[in-house]
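K.L.:
Quick mapping for you: the protein sequence lines, in order, are chains W and F.
If you count the first sequence from 1, position 26 lands on 27 in the working numbering, and the numbers rise without skipping.
If you count the second sequence from 1, position 19 lands on 256 in the working numbering, and the numbers rise without skipping.
Think of the hints as simulated: they come from the structure by calculation, not from any bench.
Mixed in with the good hints, there may be bad ones.
What the hints assert, rightly or not - Derived pair list, reagent style SDA-like, types lysine to any residue, alpha-carbon separation capped at 25 Å:
no.	chain 1	residue 1	chain 2	residue 2
1	F	K347	W	G90
2	F	K311	F	L363
3	F	K271	W	G90
4	F	K347	F	S285
5	F	K271	W	F102
6	F	K311	W	T42
7	F	K271	W	L100
8	F	K311	W	V45
9	F	K347	W	N122
10	F	K347	W	Y37
11	F	K311	W	F102
12	F	K347	W	T34
13	F	K311	W	R35
14	F	K271	W	N122
15	F	K271	F	R382
16	F	K311	W	A68
17	F	K271	W	T94
18	F	K347	W	I67
19	F	K311	W	L98
20	F	K271	W	A99
21	F	K271	F	S285
22	F	K311	F	R382
23	F	K311	W	A119
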Amino acid sequence: MTDEAHTRPDGAHSDGYDSAPGDQNAIDVIAGTRGYLLGMTLAVLLTAASFWAAGTDLIWAPGVPIAIGVLAVAQMGVHLVFFLHISTGPDNTNNILALAFGILIVILVVGGSLWIMANLNHNMLPMDQLMQMQR
Amino acid sequence: MTIAPPIEYGVDQGVAADPHARPIYRPFPGPASKRIVVGYGFWIFLLSDFIMFSAFFAAYAVLSGETAGGPTGKQLFDLRTVAAETGALLASSFTCGMSALAVQTRQTGKVYAASFFTFLFGAVFLGLEISEFARMVAEGAGPQRSAFLSSFFSVVGLHGLHVTAGLVWLTVMLGQIATRGFIPTTMRRFLCFALFWHALDIIWVALFSVVYLMGAAA
Numbered sequence: 002m003t004d005e006a007h008t009r010p011d012g013a014h015s016d017g018y019d020s021a022p023g024d025q026n027a028i029d030v031i032a033g034t035r036g037y038l039l040g041m042t043l044a045v046l047l048t049a050a051s052f053w054a055a056g057t058d059l060i061w062a063p064g065v066p067i068a069i070g071v072l073a074v075a076q077m078g079v080h081l082v083f084f085l086h087i088s089t090g091p092d093n094t095n096n097i098l099a100l101a102f103g104i105l106i107v108i109l110v111v112g113g114s115l116w117i118m119a120n121l122n123h124n125m126l127p128m129d130q131l132m133q134m135q136r
Numbered sequence: 238m239t240i241a242p243p244i245e246y247g248v249d250q251g252v253a254a255d256p257h258a259r260p261i262y263r264p265f266p267g268p269a270s271k272r273i274v275v276g277y278g279f280w281i282f283l284l285s286d287f288i289m290f291s292a293f294f295a296a297y298a299v300l301s302g303e304t305a306g307g308p309t310g311k312q313l314f315d316l317r318t319v320a321a322e323t324g325a326l327l328a329s330s331f332t333c334g335m336s337a338l339a340v341q342t343r344q345t346g347k348v349y350a351a352s353f354f355t356f357l358f359g360a361v362f363l364g365l366e367i368s369e370f371a372r373m374v375a376e377g378a379g380p381q382r383s384a385f386l387s388s389f390f391s392v393v394g395l396h397g398l399h400v401t402a403g404l405v406w407l408t409v410m411l412g413q414i415a416t417r418g419f420i421p422t423t424m425r426r427f428l429c430f431a432l433f434w435h436a437l438d439i440i441w442v443a444l445f446s447v448v449y450l451m452g453a454a455a
């Protein structure tokens, strides 16, 4: 259970089975810097696009939140791949499975709350009528 | 980024190629290294942190229209401040990546230089957020004003608390590198810190999109 035992000669921390999240397979400073620069550029572009989408009247107004949402999901993907180094490689299966379960719970919590609260809101009497019934 | 194809330990490697080959058995490699186990455990913590944030986001999404006659997000939010905060956090994430690379190649000077900028940009973000909160409270739009503002201060403030904790953690990490050097324990902790810092960026993406941009566009 030491780190050195499983560090390969090229400096990678993967033991051929698994990689720790955040670890890249080959440690090459130039390639690593290039990866972070690429991720940074993509993140800045996507951020600029969503700020533009929020202020523009070029997009049909009810479509703006959808555009912002899509850009946000894309940017989270960029952060996961380029900054947290989550990949689709076989050494990342455990990391991806945990992430997928996390995303499932997040969708259930947020989507379920919005759904049930909208439903309750829809089926509730307007507040003034409710107040009259209590008299 | 090349990975050697995984060897199936304990399994006969020669069967498919040559049915008459003598079976070769490879010993199992044993448990995963501590770095992989620790990194994975911290990844599970980060995902549970995301789930905690999702509850705050759900509360905000449900309550964002309940302004109780008070100011709306459209009236309160200053998107230039939000853009500056986003820029600071992105730059901080980039320099954090640089310092993680420097830790892996054990370059002390580069670790200190990159971490200095990570701390600086993180502090700039926090300063902008605190001044934004102070301005809103001074305008009478504090967390007590409406359900919308309670949920706004909760979710944005929770992220701000995480950034504060990250700054403290970074300082402690630099102290450990200075006193103990690049021992495996310190390097594992720095891996976890980098994961934490990048994860905060992902939460901020959700924050500026859902809270600020959708609030200002609505």
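K.L.:
Taking the hints in turn, state whether each one holds.
P.N.:
Cross-check of the supplied hints:
1. K347(F) to G90(W): violated, 30 Å
2. K311(F) to L363(F): holds, 22 Å
3. K271(F) to G90(W): Holds - the C-alpha atoms of G90(W) and K271(F) are around 20 Å apart, at most 25 Å.
4. K347(F) to S285(F): violated, 32 Å
5. K271(F) to F102(W): holds, 23 Å
6. K311(F) to T42(W): violated, 29 Å
7. K271(F) to L100(W): holds, 20 Å
8. K311(F) to V45(W): holds, 24 Å
9. K347(F) to N122(W): violated, 56 Å
10. K347(F) to Y37(W): With a Cα-Cα distance of about 16 Å, the restraint between K347(F) and Y37(W) holds, given a limit of 25 Å.
11. K311(F) to F102(W): violated, 34 Å
12. K347(F) to T34(W): Given that 25 Å is the threshold and the Cα spacing comes to 13 Å, the pair holds.
13. K311(F) to R35(W): violated, 38 Å
14. K271(F) to N122(W): violated, 50 Å
15. K271(F) to R382(F): violated, 49 Å
16. K311(F) to A68(W): holds, 18 Å
17. K271(F) to T94(W): holds, 18 Å
18. K347(F) to I67(W): violated, 41 Å
19. K311(F) to L98(W): violated, 39 Å
20. K271(F) to A99(W): holds, 18 Å
21. K271(F) to S285(F): Judged against 25 Å, a Cα distance of about 21 Å means the pair holds.
22. K311(F) to R382(F): holds, 16 Å
23. K311(F) to A119(W): holds, 22 Å
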